[in-house]
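J.: Here the protein sequences come in this chain order: A and B. All residue numbers for the first sequence refer to this note's numbering, where the first residue is 1 and numbers rise by one. All residue numbers for the second sequence refer to this note's numbering, where the first residue is 1001 and numbers rise by one.
Read the hints as simulated data drawn from the structure, not as lab findings. Because the structure is a prediction, the values reported are computed rather than measured. Hints are supplied without guarantee of correctness; some may be wrong.
Part of the chain B face toward chain A, derived, beta carbon under 7 Å [claimed, not checked]:
1. 1009
2. 1038
3. 1102
4. 1104
5. 1108
6. 1111
7. 1114
Sample of chain B residues lacking proximity to chain A, with all beta carbon distances greater than 10 Å (derived) [to be verified]:
8. 1051
9. 1071
10. 1076
11. 1081
12. 1088
From the three backbone atoms N, C-alpha and C, an ideal C-beta is built for every residue, glycine too.
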Amino acid sequence: MPVPMPDINLIALLPEILILLVAMGVLLLTAWSRETTQPLLGLVAMAGVALAGGILLIQTGMTTTTFGGLFVLDPFASAMKLLMLVATLLPLLMSWDYLARHRLDIGEYFVLTLFALLGGMLMASSGDFITLYLGLELMSLSIYVLAAFNRDDPKSNEAGLKYFVLGSMASGLLLYGISLIYGGAGGTGFAAVAQAMGEGGGHAPGIGLRLGVVLVLAGMAFKIAAAPFHMWAPDVYQGAPTSVTAFMAAMPKIAGFAAIYRVLLEPFGPMQSQWGPILQFLAVASLAVGALAAIAQTNIKRMLAYSSIGHVGYALIGLASGTELGFRSVLIYLAIYIFMNLGTFALILVVNNAGVGDEINDYRGLAKKRPLLAFLMAIFMFAMAGIPPLAGFIGKFYVFMAAVKAGMIGLAVTGVLFSAVGAYYYLRVVQRMYFEEAETAFRMEVGLLSRLVIAVSTLAVLYWGLLPGGLIDWAEASIRPLL
Amino acid sequence: MLENYFPVLVLLAIAFGLGIVILAASYLAGIKRPNAVKRSQYECGFDPLTRIRLQFDVRYYLLAILFVVFDIEAAFLFPWAVAFRDIGFLGFVEMMLFLFILLVGYAYAWKKGALEWE
């Protein structure tokens, strides 16, 4: 008896197919090329990412479901994938000098980056828990290896192992949750699960489904490093090579949020009364951990790890509000976040080229020796702290407005308070740069590619701070078809 | 709202409780009559030749990983072969794509010398 074959629309998967082919090609070229030509493979990878971005732009507005519902292409998926491509391309560009200096610029680095990106893109397009899980694992496994990429550095190895062990645990939770949902709903497709969840007419469904929701959310919260599932982040961010930290702080977060959006709005949509409070708890816990624990940090990568936990908290406020405005505000927040964060990391990588360490005290007196770099760093710090007229303020403003409009005044007030606490440790970096004496000369070249990334990030932070209209319209157009 | 999640708490308590009970029961109820032979490490019934904490050659690990990859490949090939007539040409193409992707990894591993023992 012939088995009915699912419909297959390869056009919808074109960006993913391209990334896969480029990754496989670079993998083969890595094995067959001489050591001196390896860095050029980075260019091939970047070209692939850029080309995939071009295809995505053409695809914008396209809505289709293929592979029997496993893969969904809609404006939301396109928007998230575009953010992911930016969050992959910029770290690749800015880590050019860093990788060369640390002899990490070998083909495998680019292959793993591309596979991580591919996994993230699949997550954004998943229409089934199986696709979601496969994408998540592809992304996570690649990043575990990337975290341990500097083999001669024990800290990098430690970071990779820690991330792997804890990440496997989170994958286990997620998978257990998915299996419970499968047991309760009789399917893993988002549509089937949504139907099963909706049968109670807004009442809580069976215990299996409820447990599944909790476990799936816990697994996802781990991937975006939301408290109380954040323990891995500081150690991994600190230990991993800085170029990997920059990538890790941007791309997987977008992918994680894309997956959370998909799961909350499609299969768990009928259960908003159930997951709303869970997200509120995650948001408040992340804000508290992000703001309070960062104060005690002396290492700038560790501080940025806590800062990213805090940023996840703000974004979760938007999701927790559960309104259209809330969902839109998260998209705005994420777009601004990646530019603020990547700009900061680009500057850290540049300063690192002078042979300076990662301690915050190593930035003392930067303003006297390299005034422009210090000024740009100050811009990013102010943006992260959410001070107008920079883009960070717009992101926070929309998130808090969504919470207030949804009647969650307490949540918004908590966010504002922790934002004030958070400003302290961002401004501490500025204080070190401007009001203390330099110990080193900060003699370093600023590579052309780094300049490009820093310029783009600065422009984004300044432009969206003053004229956020385009960004807001983009977020609205991307999110509307999902609701 | 929160009481809906009471069963989750119960499950958590049972999971932890069961772990403790199993460990405690075997510790308390087990018969312990140790002697020198029982306490020594097990090495295929021989007298142990070396200490237990020896370093493994990383090459074993590499081989194990490669074995798992191709073991899984075989696990996919069996049901595919059984259903071969029913899934038509598309099924054939899908499997060839899968094999091709694995082949790329295999070629990489081979060229990098992962299959050579020396």
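J.: Against this structure, judge whether each hint is valid.
T.: Here's how the hints hold up against the structure:
no. : hint : verdict
1   : 1009 : violated, 11 Å
2   : 1038 : violated, 32 Å
3   : 1102 : violated, 11 Å
4   : 1104 : holds, 5 Å
5   : 1108 : holds, 5 Å
6   : 1111 : holds, 4 Å
7   : 1114 : violated, 10 Å
8   : 1051 : holds, 24 Å
9   : 1071 : holds, 18 Å
10  : 1076 : holds, 14 Å
11  : 1081 : holds, 14 Å
12  : 1088 : violated, 6 Å
The structure fails to meet hints 1, 2, 3, 7, 12 from the earlier list, while all remaining hints are met.
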